[in-house]
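Asks: Chains as they are written, first to last, in our numbering: chain S, 524 to 879; chain C, 524 to 879; chain F, 524 to 879; chain H, 524 to 879.
Keep in mind that the hints were calculated from the coordinates and are not lab data.
Please note: incorrect hints may appear among the correct ones.
The list makes no distinction among identical chains, and a pair is therefore deemed to hold if it is satisfied within one copy or across any two copies.
[What the hints assert, rightly or not] Taking lysine-lysine pairs in the DSS-like style, the calculated list, with each CA pair at most 27 Å apart, reads:
1) Lys570 <-> Lys801
2) Lys570 <-> Lys531
3) Lys727 <-> Lys595
4) Lys540 <-> Lys673
5) Lys801 <-> Lys595
6) Lys801 <-> Lys531
7) Lys540 <-> Lys676
8) Lys673 <-> Lys727
9) Lys570 <-> Lys676
There are 4 protein chains.
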Amino acid sequence: MDIIVVMKSSASDDDVKRVTDRIVELGLVPYPSRSEFRSIIGAIGEKTPQIQQQLEQLPGVEHVTAITEPYKLASRAFHESDTILDIKGIRVGGPHVNIIAGPCAIESRDILFEVGRLVKDAGASILRGGAFKPRTSPYSFQGLGLEGLKILKDAGEELNMPTITEVTDPRDVETVWQYADIFQVGARNMYNFNLLMEVGKSDKPVFIKRGLAASIAELLMSAEYVLSQGNHRVILCERGIRTFAEEVRFTLDVSAVPVLQERSHLPVFVDPSHAAGKRDLVPSLALAGIAAGAHGAIVEVHSCPERALCDGPQAVLPDNFRRLMEQIKLLSELVGHRLTLWGREDVCLQRPAVGG
Amino acid sequence: MDIIVVMKSSASDDDVKRVTDRIVELGLVPYPSRSEFRSIIGAIGEKTPQIQQQLEQLPGVEHVTAITEPYKLASRAFHESDTILDIKGIRVGGPHVNIIAGPCAIESRDILFEVGRLVKDAGASILRGGAFKPRTSPYSFQGLGLEGLKILKDAGEELNMPTITEVTDPRDVETVWQYADIFQVGARNMYNFNLLMEVGKSDKPVFIKRGLAASIAELLMSAEYVLSQGNHRVILCERGIRTFAEEVRFTLDVSAVPVLQERSHLPVFVDPSHAAGKRDLVPSLALAGIAAGAHGAIVEVHSCPERALCDGPQAVLPDNFRRLMEQIKLLSELVGHRLTLWGREDVCLQRPAVGG
Amino acid sequence: MDIIVVMKSSASDDDVKRVTDRIVELGLVPYPSRSEFRSIIGAIGEKTPQIQQQLEQLPGVEHVTAITEPYKLASRAFHESDTILDIKGIRVGGPHVNIIAGPCAIESRDILFEVGRLVKDAGASILRGGAFKPRTSPYSFQGLGLEGLKILKDAGEELNMPTITEVTDPRDVETVWQYADIFQVGARNMYNFNLLMEVGKSDKPVFIKRGLAASIAELLMSAEYVLSQGNHRVILCERGIRTFAEEVRFTLDVSAVPVLQERSHLPVFVDPSHAAGKRDLVPSLALAGIAAGAHGAIVEVHSCPERALCDGPQAVLPDNFRRLMEQIKLLSELVGHRLTLWGREDVCLQRPAVGG
Amino acid sequence: MDIIVVMKSSASDDDVKRVTDRIVELGLVPYPSRSEFRSIIGAIGEKTPQIQQQLEQLPGVEHVTAITEPYKLASRAFHESDTILDIKGIRVGGPHVNIIAGPCAIESRDILFEVGRLVKDAGASILRGGAFKPRTSPYSFQGLGLEGLKILKDAGEELNMPTITEVTDPRDVETVWQYADIFQVGARNMYNFNLLMEVGKSDKPVFIKRGLAASIAELLMSAEYVLSQGNHRVILCERGIRTFAEEVRFTLDVSAVPVLQERSHLPVFVDPSHAAGKRDLVPSLALAGIAAGAHGAIVEVHSCPERALCDGPQAVLPDNFRRLMEQIKLLSELVGHRLTLWGREDVCLQRPAVGG
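All chains, full assembly: derive it from the sequences and hints.
Replies: Below, the structure is given as structure tokens:
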């Protein structure tokens, strides 16, 4: 790793020597250079994050820049080509586009099976459903817990779809592992480093949502927590950041998609449902994300959203979901990707005649 | 317009009477109702914005809600179907997608003509170029001024394209009117109400960019300033909002596109160049905007950006612009729109064989 | 709890009936009223958060407003006067101002004792020190863990000060309980509802920092999680929110202090150190917080910050901390509060002669 | 000015030569240095903002850092000690604290004289009142215009107070100059560079409010526009930035006060009224600003705010303003400043016995 220490023009020779000595003491190799006006000292070695903080407090230092990014395993420098995961035969990342769909929460066996069937028929490849719901209010529906996990597992098997569900507590990792195929770490737990390390020790893929005010680097550092424990199957998800905008719950930062893909080899999804907060906006945001190059989207669908126990207003209705899937299919090809359909990956949807 | 005053449960009869009397005094008609626990007083009439502020200070008032939006002429309630402008034969809005392209600033006759020719060949329908540049620093290149306007007019005539340029001062409106076809009011002038009123008195279209921290309602109120002066030809533009994100200059808020279109009949564009701040991200953001339903995009293009006097890093190179235009063409159709090409609107671009 | 459903002016009688019926079905009592133009339906009863979401999806509904706040036990409505905690004889809240101080992380026994002694001498009443550090990077110093907790306990006993330390994992609550007097839930764990419930089951005070993009209501809902488990000793802390500002790590939202105090009876602190990110700004922000009415501040102090393993740049030096404490003493009185000093609460600091 | 170009470790000798040659071509002097791993090229000379943009696009360049700030005349490097203005005998800046007070808008001669008298009696030294109001809505009260200016001038003369009023249009500068003592450039015009240049050509002080999403550097660049035209009498004002916070109109960024004072010699005020948006919060925010070291505050006061035509909810009532002034007096001394009272600068307010 590379650090560059720019000294003040007023820095003395002693100041420069103190910085150089400290770099050596910290186990790095200093490379000082001096122009007529200002000294600049490079440093090569295994930089830990505190080194930069310590150096910038020394007398005569103007500022300290870290040239290299703080994440390693998540970066393109570590793994140049796109990571492509295989999840029960479904390929995720690279040229593949996958749509994860299902209800916000698992409310009952009937509803999950009904919604699961219709999203699969429409072209979704992975089934979502929450059993442990992290709700802002202790008085909200908190999910069915273990009972919900069992329903999810049954639905996944019946429909022959891999499943994803949120885990919110390191103590639940083992249980969730038994019932679901992908761990979801939600936006509110993106900085829950103990949880990240726990799923990092498992052998199932981890889907990490960006925190509501997390920087791109912080999201990649959260991925790094998982990767550093040996689990290399991580999917990133942009789900909207908190801004002053009032008409949506969160502002979907579509630029995060190409920025993450430039820096990291990991697959990048978008979550248009939580960003929008209302169903009318979901298709526009889903299409925007796929157009920006996302490897997929996670979409909430419900057959009777006005009775949903969680986030009903943002659940897409079945017919609209089918229409959206047809557009996503075409759009994926337009940007050089290919929609993955469970069990019939290379078979086309009934496709309207575009371009002939 | 409708106002609803919710009284506190502790409000006295006198409090209710005072509010009701005040509503009458303000020229509105009150509609009080009383449940067992709480009085609610509706008010119908020509609400001015200060009425809400005044009512919410009265004793016993819990809160005051304005049911209707503060803008009128910009709203769908005033004009239900999409407004479609005709700008020198180019149709903007509704099903039409237009790409405005050109250099950030007009630097010389040669460069503008060169860039203009290549963006037209690639499929852009309107030519952009800045003569008055609002720069953060007084020491930056401020544009060629009148000389730039003359070059722009010549280029527009030679290339047979309508032109757009920024106006930053009410005193320049008359001059700019003589040389350009569309007034651009930049993000930094979105709240410059005197400028908006001045262009509102003219008969040329006005392209208003959203301020860097402007709400959707504020952008529509700025449009309202223009509309209220009699100029009904306004185009709105989402160009990125300021957030904590560091990797881009501004965060393109794609959700603004469907939200604006739901509330207003005016055409909505996106500006991927100023949002991204660097050329590599421009195509992704442009496609995201069109996928979200935008009526067009304004894109900066330069043939030699590393010598550009303004915003070179975000200028797209000619070859990439051509590729982007081909994707926009296909994408427009996918979302039910149609790319407008100057002089050959219904003729296809050389289109790659997609889907057959 | 009160909900108000405003119907669209176009809503039919059937629409109104459907809403009224649904309110009854949901177990609330509806209070419909009708003006010439619009129906408004109030509802009284035990509102759960999903009720609002479900109602706003019904046909003909314009919007739904919840009049009462979603938190109960944290609100002034539940407990009108300020909550004053007694923590090992130290009173926190109400008219009392307390300064919590110490190093960011517990790095060694020597440093914690040295820093502890000097902050106590300067007037701090509670000792801070991190044993489990939630670090953005898995490669950063993560704290001494259990060994750090033991040092903290010894320091607290030796200096006769209550201690506070961060807990980041529900599995650590029992251990931390044995060694520290106050649980700190950091900003990155404000939405870690399982952790909040775990500390809510204990009998030690909980100090909750506002998340970097958390609303006031969300912070109070996090407090509600603790309170709802039976632990009524909660302290709130504003520590800066993430904005576009680049010169500080986070923007200290001083307005949160009076807003929280208006809505809640719980003590409110500020954290100027994490907001500022550099020591030069810490005194200004600490004074601003106390001037705005905060019940205290948590301040990082280090005797040799350029060798600190964590957040050295924001640690205040001993001499500056002493000067700051003298100003805080005077300022507390000016705003009608009183600085609490451990073991000598009513004895003045050596006070400079202000005003005679 | 100093620029540092860090080359990629993969950069070739040709890449380095191209950068060095270009620096020379741009009129700066290059200072290349080369470590074992990476070339770094410094550049000294009159940097214009576009130089950095042009260099960072050259092949092999990793990134370009400008060491020096883009503003000159506003910086401490240009003028090391605090600028102290003399405005009709009132000293502003340095150790002096001034309170500007009055109604939001000038509504009538009676109200302005009444409010003016009471704020002067309470200790305000400068009278505010808006004649040209930049309102979000074209349907809002827009101010009395010229008639308002005349009333303001009369009030200032009668009360013997300097006056401040907002100017929103370069065409109004000459008129406003005739009637007011200080030009206010509001937050919505902070980027109105033509207006800034116009007031920069005048000989009256300019009070510039920070834009709602303006960075510290951008505020200083706006000051630079005024300073660069020869007018060296500029006052800066932090008035709240737009964030996700919902309980206030804007989030007062108190950290801006010490940050601006560190970088610039110009006086720094706060505007607690527009930040808070409601009167209950104004005293806390005003005190927070003064505690953070501000040179003053601008406060809206009204004797009958529920009939005010503009921003009534945030106007402080007379009695509360008097109490606030007493606290500000004491607080100013506590932080080493001194409240300026018109005509009796060294005479104390009736001061409660604090500290003896």
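Asks: None of the hints should be skipped; say for each whether it holds.
Replies: So, going through the hints one by one against the coordinates:
no. : hint              : verdict
1   : Lys570 <-> Lys801 : between (45 Å within a copy, 21 Å between copies)
2   : Lys570 <-> Lys531 : both (22 Å within a copy, 18 Å between copies)
3   : Lys727 <-> Lys595 : within (21 Å within a copy, 40 Å between copies)
4   : Lys540 <-> Lys673 : neither (64 Å within a copy, 39 Å between copies)
5   : Lys801 <-> Lys595 : between (37 Å within a copy, 24 Å between copies)
6   : Lys801 <-> Lys531 : between (53 Å within a copy, 18 Å between copies)
7   : Lys540 <-> Lys676 : neither (63 Å within a copy, 40 Å between copies)
8   : Lys673 <-> Lys727 : within (17 Å within a copy, 37 Å between copies)
9   : Lys570 <-> Lys676 : neither (44 Å within a copy, 33 Å between copies)
The structure shown violates the earlier hints numbered 4, 7 and 9.
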